[in-house]
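Those protein sequences? They're chains A and B, same order as listed. Counting in my numbering, the first sequence tops out at residue 115, every number present. Counting in my numbering, the second sequence tops out at residue 113, every number present.
Possibly wrong hints are sitting among the right ones.
Stated by the list, open to error - Straight-line alpha carbon distances no greater than 25 Å define the calculated SDA-like cross-link-like pairs of lysine to any residue that follow: (1) 42/B with 44/A; (2) 58/B with 31/B; (3) 57/A with 46/B; (4) 57/A with 24/B; (5) 57/A with 5/B; (6) 42/B with 27/A; (7) 13/A with 42/B; (8) 57/A with 45/B; (9) 57/B with 47/B; (10) 57/A with 32/B; (11) 22/B with 38/A; (12) 52/A with 40/A; (13) 57/A with 85/A; (14) 68/B with 46/B; (15) 42/B with 8/A; (16) 22/B with 41/A; (17) 42/B with 111/A; (18) 52/A with 73/A; (19) 52/A with 41/A; (20) 22/A with 41/B; (21) 22/B with 108/B; (22) 22/A with 111/A; (23) 57/A with 1/B; (24) 71/B with 58/A; (25) 57/A with 28/B; (26) 42/B with 40/A; (27) 42/B with 75/A; (28) 13/A with 52/A.
Keep in mind that the hints were calculated from the coordinates and are not lab data.
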Amino acid sequence: AAGVIQSPRHLIKEKRETATLKCYPIPRHDTVYWYQQGPGQDPQFLISFYEKMQSDKGSIPDRFSAQQFSDYHSELNMSSLELGDSALYFCASSGYRGRSYNEQFFGPGTRLTVL
Amino acid sequence: GENVEQHPSTLSVQEGDSAVIKCTYSDSASNYFPWYKQELGKRPQLIIDIRSNVGEKKDQRIAVTLNKTAKHFSLHITETQPEDSAVYFCAASINTGRRALTFGSGTRLQVQP
Chain A
1 AAGVIQSPRH
11 LIKEKRETAT
21 LKCYPIPRHD
31 TVYWYQQGPG
41 QDPQFLISFY
51 EKMQSDKGSI
61 PDRFSAQQFS
71 DYHSELNMSS
81 LELGDSALYF
91 CASSGYRGRS
101 YNEQFFGPGT
111 RLTVL
Chain B
1 GENVEQHPST
11 LSVQEGDSAV
21 IKCTYSDSAS
31 NYFPWYKQEL
41 GKRPQLIIDI
51 RSNVGEKKDQ
61 RIAVTLNKTA
71 KHFSLHITET
81 QPEDSAVYFC
91 AASINTGRRA
101 LTFGSGTRLQ
111 VQP
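Excised from the complex, chain B in its bound form:
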């Protein structure tokens, strides 16, 4: 089955700096890669996703890049704000419809004011 590895496990940045979180996946059939933000005790919330037919996607301060050859994808957050502090999970799935997500182990991002 799919295995997703995520690094780093914790990340502390100063407000206004950029943050980068990296994930690798093992199953070459995976072609859907969402990122979720989870605050303590709350539900995971989808913040951005990318499919394998594109290499990069951007939404305001958030961007995701995908290197399908190397089987890795990254989340980039620019101009970080204290409210960005949360745990971020990457995930992978096969885009054949109605398939479960395999999550990475999560990155705890702390943005220092």
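Same shape as in the complex, but just chain A:
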């Protein structure tokens, strides 16, 4: 079965640079979630989108923005990168397939390293 796709899988940036992370949800899933996971930490919710509109907002810094496109893929844009932004960034998707919306499936993640 098709899973959530994220690209790139690894990204190395310098401080103050920008980065763009991409997420392709499971086909027919209409909701995308972004989570940030620091080393030894639990995933922290950043932001989510449903039908191309922002659905929920968590602890996303003002330096970050995100959007969902007409094909349901989503991009997380990160500017003025800081050392503390180094983390695993997961995208998850959910959709109605005979069950509720709550079941979220995670992508493989993008490991961002800021030097």
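Given the coordinates of chain A, assemble chain B onto it according to the supplied hints.
Same frame as chain A, but now just chain B:
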């Protein structure tokens, strides 16, 4: 907002023993409680979930119990195997559709052969 606490932070058991991980949540509106297993550097994988209209759910060696009155839920793994070694996260969410998960801090389970 929701706050989820998880205990213990580390758990070491012998192969074949049972393992129990406990979580509490603060928001009485939460009614969806999934458990994720995460291996080092990999994605969290859903292993079982429970909704507040049931008190217990079982899937082979894994079971989850929910006490909505006390606002706590637990993961039980029986007949543990070395491949069960991973970090386990509990989470909570409000079942109004398309809501984010609030995770516990995780439990590192080590199954000794």
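Here is what the structure says about each hint:
Taking the CA atoms of residue 42/B and residue 44/A, the gap is about 16 Å. The hint holds against a cut of 25 Å. Restraint check for residue 58/B and residue 31/B: satisfied, since their Cα atoms lie roughly 18 Å apart, inside the 25 Å limit. Among the hinted pairs, residue 57/A with residue 46/B is consistent with the structure: their alpha-carbon atoms are about 22 Å apart, no more than 25 Å. Restraint check for residue 57/A and residue 24/B: satisfied, since their Cα atoms lie roughly 23 Å apart, inside the 25 Å limit.
Taking the CA atoms of residue 57/A and residue 5/B, the gap is near 21 Å; set against the 25 Å cutoff, the hint holds. A C-alpha spacing of about 22 Å is found between residue 42/B and residue 27/A, which places the hinted pair at or below 25 Å, so the restraint holds. Of the supplied pair hints, the one linking residue 13/A and residue 42/B holds, its CA atoms being roughly 21 Å apart against a limit of 25 Å. Of the supplied pair hints, the one linking residue 57/A and residue 45/B holds, its CA atoms being roughly 23 Å apart against a limit of 25 Å.
Only pairs whose Cα atoms come within 25 Å are accepted, and residue 57/B paired with residue 47/B is accepted, the gap being roughly 12 Å. Taking the CA atoms of residue 57/A and residue 32/B, the gap is near 19 Å; set against the 25 Å cutoff, the hint holds. Our distance criterion of 25 Å between C-alpha atoms is met by residue 22/B and residue 38/A, whose separation comes to about 23 Å. As the CA atoms of residue 52/A and residue 40/A are separated by approximately 32 Å, the hinted pair breaks the 25 Å bound.
For the suggested pair residue 57/A and residue 85/A, the alpha carbons sit about 18 Å apart, so the restraint of at most 25 Å is met. A C-alpha spacing of about 21 Å is found between residue 68/B and residue 46/B, which places the hinted pair at or below 25 Å, so the restraint holds. Of the supplied pair hints, the one linking residue 42/B and residue 8/A holds, its CA atoms being roughly 15 Å apart against a limit of 25 Å. Restraint check for residue 22/B and residue 41/A: the C-alpha separation of about 18 Å stays at or below 25 Å, so the hint holds.
In summary, the hint linking residue 42/B to residue 111/A is supported, as the alpha carbons are separated by about 10 Å, within the 25 Å threshold. Restraint check: the Cα-Cα separation between residue 52/A and residue 73/A comes to about 9 Å, which is no more than 25 Å; the hinted pair holds. Proposed proximity of residue 52/A and residue 41/A is contradicted: the alpha carbons are some 29 Å apart, above 25 Å. The straight-line distance between the Cα atoms of residue 22/A and residue 41/B is roughly 18 Å, inside the 25 Å bound, and the hint therefore holds.
Note on residue 22/B and residue 108/B: the hinted pairing holds, with a Cα-Cα distance of about 13 Å set against a maximum of 25 Å. Straight-line distance between C-alpha atoms of residue 22/A and residue 111/A comes to about 12 Å, which keeps the hinted pair within the 25 Å bound. Annotation: proposed proximity of residue 57/A to residue 1/B holds, straight-line Cα distance about 12 Å (limit 25 Å). Taken as a hint, the residue 71/B and residue 58/A pair is honoured in the structure, with Cα atoms around 23 Å apart against an allowance of 25 Å.
About 20 Å separates the Cα atoms of residue 57/A and residue 28/B, which keeps this hinted pair within 25 Å; it holds. Distance hint between residue 42/B and residue 40/A is fulfilled; the C-alpha atoms sit about 13 Å from each other, no more than 25 Å. Between the alpha carbons of residue 42/B and residue 75/A the distance comes to roughly 20 Å, so the proposed pair stays at or under 25 Å and holds. As the CA atoms of residue 13/A and residue 52/A are separated by approximately 28 Å, the hinted pair breaks the 25 Å bound.
The structure fails hints 12, 19 and 28 (numbered hints given earlier, in ascending order).
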